[in-house]
Amino acid sequence: MKISLLPIALLSAASSIAYAGDGQQNDNTPKLTALTHATVVLAPGKQLSNATVLIENNRIKAIVKDNDVPAGAFTINLNGYTVYPGFIDPYTNYGIEYTPEKQTYEPPIYEIKRIGGNAANGAIHAEKEWFSYIYPNDKDAQKWRCNGFTSVQSAVMDGIFRGTGVSVSLANKTANQVIYKARTHHFISFDKGSSPQDYPDSLMGSMALIRQTFSDARWYNESVAKAKSYPEIAAPEFNIALEALANVKQTGAIFAADDLNSELRAAKLLNEENLPVHLLGNGQEYARIDELQQYRPQLIVPLNYPAAPDVTAEESANNTSLASLRHWERAPSNAATIAAHKIPFAFTQYGIDADAFWPRLKMAVAAGLSEQQALAALTTDAAAAAGIDNMVGKIAPGYMADLVIAKGNLFTDGHIVSVWTQGEEHKLLPSGHVWQGEYQLRVGELELTLNLNVPAKGSVTGTLTAGDEDVQLQHLQADEQRVSFSAELSQAGLTGVSRMSLWRDQQGIQGRLITADGSVEPINGQVQATTANDTTSNTPPAPSYASKLVHPLQAFGVEQLPQQENLLFKHATVWTSAAQGVLPDTDVLVTKGKIRRIGKDLDAPSGYQVIDATGLHLTAGIIDEHSHIAINGGVNEGTDAVTAEVRIGDVVDPNAVAIYRSLAGGVTTANLLHGSANPIGGQSQVIQLRWGETAEGLKFEQARPGIKFALGENVKQSNWGERFTKRFPQTRMGVKALFTDAFNAAREYHEQRDDYAELRSRDKRKTLEPRPNLRLEAVEQVLNSQRDVHIHSYVQSEILMFLRLAEQFDFRVKTFTHVLEGYKVAPELAAHGAMASTFADWWAYKFEVYDAIPQNACLMARKGVVTSINSDDNEMQRRLNQEAAKSIMYCDMPPEEAWKMVTINPAKQLGVDQLTGSIEEGKQADLVLWDHNPLSAYAKTQAVWIDGKRYFDRAADEQRTQAIAVEKAALIQKVLSSDDARKQGETSRKPPEPIWHCDTDFHAWNQQQEAL
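Read in order, the letters of the sequence shown correspond to residues -20 to -1, 1 to 992 in mature numbering (1 follows the signal peptide of the UniProt record, and there is no 0).
Derived by calculation from the structure, the hints in this document are not laboratory data. Even for Gly, the Cβ is constructed at its ideal location relative to N, Cα and C. There could be a bad hint or two in this list.
Said to hold, decoys possible - Distance condition first, Cα-Cα at most 27 Å in a straight line; then the derived DSS-like pairs of lysine-lysine:
| # | residue 1 | residue 2 |
| --- | --- | --- |
| 1 | LYS322 | LYS26 |
| 2 | LYS550 | LYS26 |
| 3 | LYS528 | LYS26 |
| 4 | LYS888 | LYS920 |
| 5 | LYS574 | LYS679 |
| 6 | LYS248 | LYS679 |
As the list claims (entries may be wrong) - Ranges of calculated distance between the beta carbons of each label pair, as one might list FRET restraints:
| # | residue 1 | residue 2 | range |
| --- | --- | --- | --- |
| 7 | TYR78 | ALA961 | 41 to 47 Å |
| 8 | PHE704 | ARG684 | 20 to 26 Å |
| 9 | ALA824 | ALA961 | 57 to 63 Å |
| 10 | LYS580 | ASP721 | 55 to 61 Å |
| 11 | THR711 | ALA935 | 36 to 42 Å |
| 12 | LYS93 | PHE704 | 45 to 51 Å |
| 13 | THR711 | GLU217 | 30 to 36 Å |
| 14 | ARG740 | TYR78 | 41 to 47 Å |
| 15 | GLU252 | ILE868 | 55 to 61 Å |
Please construct the entire structure, taking both the sequences and the accompanying hints into account.
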């Protein structure tokens, strides 16, 4: 019997095509495409004219300068077009088939399910590798391809540690074919996202969690490695999130932050971890560019320009802040400012509509960004940010055939015609677009000029010029091969309506003309030569601005920081806040930021400024022991009973206008405290009110480290609502037990580390370090008297309880703050050595304050307790001089003693009394000049110095106020006269920073804002 082998052979061949290796349908026949006669931008600053890009399959085979195309290549003539490398967006969520589970829940949730070795905190999922979820979506890809993007870096933007990104092509292919780099950077943010867990519930809590997680990852991976080397060492419990962070130094991390302050915090955090500083920008980098530059960052910059403020009505214009007007004007210059400071950056579409991308980018170019810099931010620098600069971002042999074809100058009036991904074209314009442009035609002896416009949307239009007359074309139709139209050409000597058809061949433009009588004439033509788009040298003129670039970028910001002044105050009434008391008609000499001499009839050295202070009063700067000004992202991390790891110093806000206002009230130093939501809150930060400085520049580095503890109703959640009944403690007894447990845990932690140090000294190879615990380290510092306790308190029973507990654990309480029943236990406070910081006359605002009396400060002071008056309030801080005066009224306190309660006494409580708080020789020149007795309700500051630098001057303030009005008026005019395109932009959804109080719950406040 004979069997035909033909069908089997055919089936075999078909199978080899359909199931080639891994199930992909492959065609191994080489495909050769030549893009000829083009202007080719190889990379920013490198350009060829009349060149050919030769593509083989999905990669660039060669760049041919003489257009010598190999036989068999499919040729596309791109005369008059520019070929760019494909653009890369390094910050997207494209192509990931994963949706975070947004849980609806009733807080509090203190612990999450531990599934599969995950982290203990629901905001940490560093183990996610997003390449595992890639599923290309051609419709979504078009949102990027329409702007020239050919590849992107993707991750799911949810949580604090968000996992490892993936860089992919935007080609319409399978996931296996589009993944360019499976593992790129880790992604991090301050936003806990969909995590249902309460902690963290503040910005400082997020920062603390990030620090602890980095610390845990180092410890975990070093411990695992050691356990592998030494079997007798037990490895730590498995944790996939910490394991995934083992390579973070190699991959780096891209950190996203909502605003400029947080962007700088992120840079500082990454710098602390010795990680490269990769940041998602926010559009405001220009406002603190010098500070940012110090971290040597690499930025991913969105073009999220703000919408123009509504200033059409008088009321809305009055309610528009100067800061928002300044940012509206300056935002397009952000990229140019970054480039001018030599900071590498890439652009992203993140946060804006795709349609807005190129109009915004063109605004950036008009605002000073060079076209070469703009192109680098789309190609070479963007490829580096996505970790794929070895395969995309340039037009070079071996690189992927990811290309952008453009007509005209892409950065001014040009447009993208098509995009190539992996050697395949995606047309962005109608097929007839190839006819866009100007042509010279000849019909016999007749010469004509043809202009065709083929828009992306709408009908094709054109004109035919014969002599001096332009004739509008009728019945226009165009596709890739042919264009046809009709026209009345009486000026050219032709009667009736003539019809023309044109097509291209290797000789140029060919066609025929059919006259009204039906005769046919041949047409010869050629494309009018166009000037090549040179992207290497176009530099736009510098823009002009109506706004001032000041620090911070808001009303009363300063153009430059003050310099130290050498001063001689003559004939002042000097309130020394020292043993000398009040000195009438006295001179004070200030040199290099220090008080050099105090006396009468002092002579001014050469070059000193002499201030006639006759009738004026000179005091030390006011110091506030208890303040919550200038804090970003929440004053309470109240989610746990102990949050000693969080740091107010992480969230200092240099933009807070309260700094300037308090400075105008004579305040030079403030202790920024965590709130009172938990028994052991966060670490405090002493600042000096150096208006215009950075967050780091505000910090008073010489001050004693402090921490906020709290007693009373707040910490046991008395008034939090019925849902908050789970967290221990819920009673005052429980508060004591909580402190005891925390102190014992800190002691045990200290002992473990001591034991480890001893064992390591014998054999460091076989010793496993105890897990570092930043929370317990801070508590341990209290027990070791390395960190001072400032404890929120009210009733005598709890004050006495904590005094005894502190003595039991052998440390001293620095300051009881509020301490409104302090008068009942003043002898005990004095015996312990504790100080007190109280309100002048607040009482009866809650149950535990019913026994407060306005004589409290006097009674404690008479018993030898160093007592101060604090504000705990933005507005009250500006009149602390008057608050101090109330004790004169209530209990006849001597004026000089009352004044000490806002100067030298709080200085002692903050551990800076050797530096400031009084007018004594050798001390820092923190001085205030008043026009009346400083304890008078009529007293106004004339000038305020910190370290001999004049940070406030009333005359200068009046001039600045007038200048602000002029500037604001000019900016309003600029908004009103701007075109609609310039008015477009994003409306900020971030609510303004509230005025924080001791008991402000950030979570509740945030929910209210979201509801609004």
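Here's how the hints hold up against the structure:
| no. | hint | result |
| --- | --- | --- |
| 1 | LYS322 <-> LYS26 | 20 Å, holds |
| 2 | LYS550 <-> LYS26 | 67 Å, violated |
| 3 | LYS528 <-> LYS26 | 37 Å, violated |
| 4 | LYS888 <-> LYS920 | 26 Å, holds |
| 5 | LYS574 <-> LYS679 | 19 Å, holds |
| 6 | LYS248 <-> LYS679 | 15 Å, holds |
| 7 | TYR78 <-> ALA961: 41 to 47 Å | 37 Å, violated |
| 8 | PHE704 <-> ARG684: 20 to 26 Å | 33 Å, violated |
| 9 | ALA824 <-> ALA961: 57 to 63 Å | 58 Å, holds |
| 10 | LYS580 <-> ASP721: 55 to 61 Å | 60 Å, holds |
| 11 | THR711 <-> ALA935: 36 to 42 Å | 57 Å, violated |
| 12 | LYS93 <-> PHE704: 45 to 51 Å | 22 Å, violated |
| 13 | THR711 <-> GLU217: 30 to 36 Å | 34 Å, holds |
| 14 | ARG740 <-> TYR78: 41 to 47 Å | 43 Å, holds |
| 15 | GLU252 <-> ILE868: 55 to 61 Å | 48 Å, violated |
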